[in-house]
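Generate the whole structure from the sequences, applying the supplied hints.
Residue numbers (this note's numbering), protein chains in the order written: chain A, 1 to 326; chain L, 1 to 326.
Mixed in with the good hints, there may be bad ones.
As the list makes no split between identical chains, a pair holds if one copy fits it or if it spans any two.
Unchecked claim - Below 20 Å or equal to it, Euclidean Cα-Cα: the simulated SDA-like pairs (lysine to any residue) are:
1) K43 with A95
2) K25 with M153
3) K130 with E195
4) K130 with N266
5) K162 with H28
6) K63 with R133
7) K100 with M153
8) K63 with A136
9) K100 with D86
10) K100 with R311
11) K162 with A136
12) K11 with E264
13) K2 with D256
14) K25 with D165
15) K2 with E263
16) K63 with G128
17) K144 with R154
The set of hints was computed from the structure by calculation and includes no laboratory data.
From a predicted model like this one, the values you see are computed outputs, not experimental measurements.
Number of protein chains: 2
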Amino acid sequence: MKLIEEMEDRKEIIEQRIEEIFEKKSEHPLWDHMAYYPGSGGKKLRPFLAMVSTGAFGKSESKAVPYGLAVELVHNFTLVHDDIMDQDELRRGRATLHSKIGDSDAINAGDGLFALSFNMLSQTDVDGEKIRRLLAELSSSVLKIAEGQEEDMRFEETFEIKEDDFIQMIEKKTGYLFSAATKGGAIIAGSREKEIEKIGEYARKMGIAFQIQDDYLDLVGEKDKIGKDVGSDIMEGKRTLMVIKSLSELPENKKDRLIDILEEDNTQEDIKEAMDLMEDAGAIEYSKNLARTYAEEAKSELDVIPDPNYRNIFEEVVDFVISRET
Amino acid sequence: MKLIEEMEDRKEIIEQRIEEIFEKKSEHPLWDHMAYYPGSGGKKLRPFLAMVSTGAFGKSESKAVPYGLAVELVHNFTLVHDDIMDQDELRRGRATLHSKIGDSDAINAGDGLFALSFNMLSQTDVDGEKIRRLLAELSSSVLKIAEGQEEDMRFEETFEIKEDDFIQMIEKKTGYLFSAATKGGAIIAGSREKEIEKIGEYARKMGIAFQIQDDYLDLVGEKDKIGKDVGSDIMEGKRTLMVIKSLSELPENKKDRLIDILEEDNTQEDIKEAMDLMEDAGAIEYSKNLARTYAEEAKSELDVIPDPNYRNIFEEVVDFVISRET
Numbered sequence: 001m002k003l004i005e006e007m008e009d010r011k012e013i014i015e016q017r018i019e020e021i022f023e024k025k026s027e028h029p030l031w032d033h034m035a036y037y038p039g040s041g042g043k044k045l046r047p048f049l050a051m052v053s054t055g056a057f058g059k060s061e062s063k064a065v066p067y068g069l070a071v072e073l074v075h076n077f078t079l080v081h082d083d084i085m086d087q088d089e090l091r092r093g094r095a096t097l098h099s100k101i102g103d104s105d106a107i108n109a110g111d112g113l114f115a116l117s118f119n120m121l122s123q124t125d126v127d128g129e130k131i132r133r134l135l136a137e138l139s140s141s142v143l144k145i146a147e148g149q150e151e152d153m154r155f156e157e158t159f160e161i162k163e164d165d166f167i168q169m170i171e172k173k174t175g176y177l178f179s180a181a182t183k184g185g186a187i188i189a190g191s192r193e194k195e196i197e198k199i200g201e202y203a204r205k206m207g208i209a210f211q212i213q214d215d216y217l218d219l220v221g222e223k224d225k226i227g228k229d230v231g232s233d234i235m236e237g238k239r240t241l242m243v244i245k246s247l248s249e250l251p252e253n254k255k256d257r258l259i260d261i262l263e264e265d266n267t268q269e270d271i272k273e274a275m276d277l278m279e280d281a282g283a284i285e286y287s288k289n290l291a292r293t294y295a296e297e298a299k300s301e302l303d304v305i306p307d308p309n310y311r312n313i314f315e316e317v318v319d320f321v322i323s324r325e326t
Numbered sequence: 001m002k003l004i005e006e007m008e009d010r011k012e013i014i015e016q017r018i019e020e021i022f023e024k025k026s027e028h029p030l031w032d033h034m035a036y037y038p039g040s041g042g043k044k045l046r047p048f049l050a051m052v053s054t055g056a057f058g059k060s061e062s063k064a065v066p067y068g069l070a071v072e073l074v075h076n077f078t079l080v081h082d083d084i085m086d087q088d089e090l091r092r093g094r095a096t097l098h099s100k101i102g103d104s105d106a107i108n109a110g111d112g113l114f115a116l117s118f119n120m121l122s123q124t125d126v127d128g129e130k131i132r133r134l135l136a137e138l139s140s141s142v143l144k145i146a147e148g149q150e151e152d153m154r155f156e157e158t159f160e161i162k163e164d165d166f167i168q169m170i171e172k173k174t175g176y177l178f179s180a181a182t183k184g185g186a187i188i189a190g191s192r193e194k195e196i197e198k199i200g201e202y203a204r205k206m207g208i209a210f211q212i213q214d215d216y217l218d219l220v221g222e223k224d225k226i227g228k229d230v231g232s233d234i235m236e237g238k239r240t241l242m243v244i245k246s247l248s249e250l251p252e253n254k255k256d257r258l259i260d261i262l263e264e265d266n267t268q269e270d271i272k273e274a275m276d277l278m279e280d281a282g283a284i285e286y287s288k289n290l291a292r293t294y295a296e297e298a299k300s301e302l303d304v305i306p307d308p309n310y311r312n313i314f315e316e317v318v319d320f321v322i323s324r325e326t
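Shown next as structure tokens:
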């Protein structure tokens, strides 16, 4: 079976559960607000990872559904709050939640999703000690996300960002939640410590590759596929790996010009010029290659998966992550 | 021992633990932001209730400390986010977090406190099935808080509020977290279902009395004790029980005048006039009496506590709640 079909199968299960959860509660406006992002598509990659991880370590994937939902709801809560903090207008081609209902209601809806996530976790059909372990894992990953978000916001105030600090930031914002998904799946399956750690490392590294690819897509993707304007990161002056690399490679005058474009209101021509500068600096190629390196490192953890079919799924996920167009 | 001393004893333990938690982490700015409310005083009533509840049902109070901290951190996370949503400037006599560091950093710090809370919960020294139960309890109470906050924000758009709907809103915003504190304490002690439910009902009703008293204090309290301007609720047009009762009791012309004062910019004289209108309507007395009724109902649940010393503490907490000046 192709990966895309494997993903669709699990996505259907997760989307149906999401529908059931919010259907029952729709009499309260809070729940309508909460349903807006979880019910609006998305790849449902994190529950997929949790389910496949439980399956790979020999238990029924269905056992991982409530925990997978918990991870997905955490992801959605962070999207709601991040969109407020960044004052973004579009998400997956639709208006962001706060731009529809206002900042206050959106803060509150995000809090509701966060609470619902941990409520789902408590319903996982495993023994209580595993609940404790899942809770420690998921709550720690949210602390990392908040740290990463803080670092990301600090980066917006400077152009002096070290590559290592940038990688640490995206590891926190993206890597640890991916790793909570796969580790959780392994914990649910009752795996040994070494297996839990390795499948976590796999996802953490894959998450870093995922985020680098995300920033890359913003520059080279197609608007209809990525659900936002191409080059929107440049327009917003976002510090991506490509920007950081360009600033360290370009001669002084070109570096100043790139900073100008990032800091000022800019035209489509300016954005094109910024892309050319990044191209000249070799930063786009560099970024693509670094994503590939993390992807390969992620794959190297997979010797811990005994079943070749499941190992194959995990490998294909990595290939998908660095070659995806959406 | 007097209640105030009983409370001080537990407060010291909780404050020391809070200090330890944030001391270790202070290298990251997120953690400095997170520490601002938990480290700034407050009565620490919720952890007190959790500890006393565990003690009352026959186990060492110290077992309830991590869970009590979890409840306290949830409380603080809701304060941080509520202050943003309400755009309040002062809390406990100091600048609110968002007015110090900006809305975005404060949203993120609130999220961090929320995550830390559930991380603390996972460290409670009880068996895993109790962890599951505590998790379900605490996460449900946060969902109620978010629903209540949503209702509260809707109320700001109208003066047609039924008293029952108002009581339900403060039950959600305040009652359920108090009840999560005492129920959690009883769960940690291994109490029977009926005991858990009754001590939960005690706290839920006491929480309603607490919130009615809070709004009452805003009108009749002293600025230095309540940490904000007296009458600030009127200035902000807040719909309190006293406002709702007044609007249902006053003749049309006085009702319109009260609405005018609540809706417009108002002087100290206007605020005094609004207080007089509420007094005329009998709304201040009514509010005081309703708080007493909930307080008595709370006490009636306490026959479930075998130890007279602990029963006495719980009774004194109720008396404190409806007679407090801070």
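message = Going through the numbered hints above, which ones does this structure break? Give me the numbers in ascending order.
response = 4, 10, 11, 12, 13, 15
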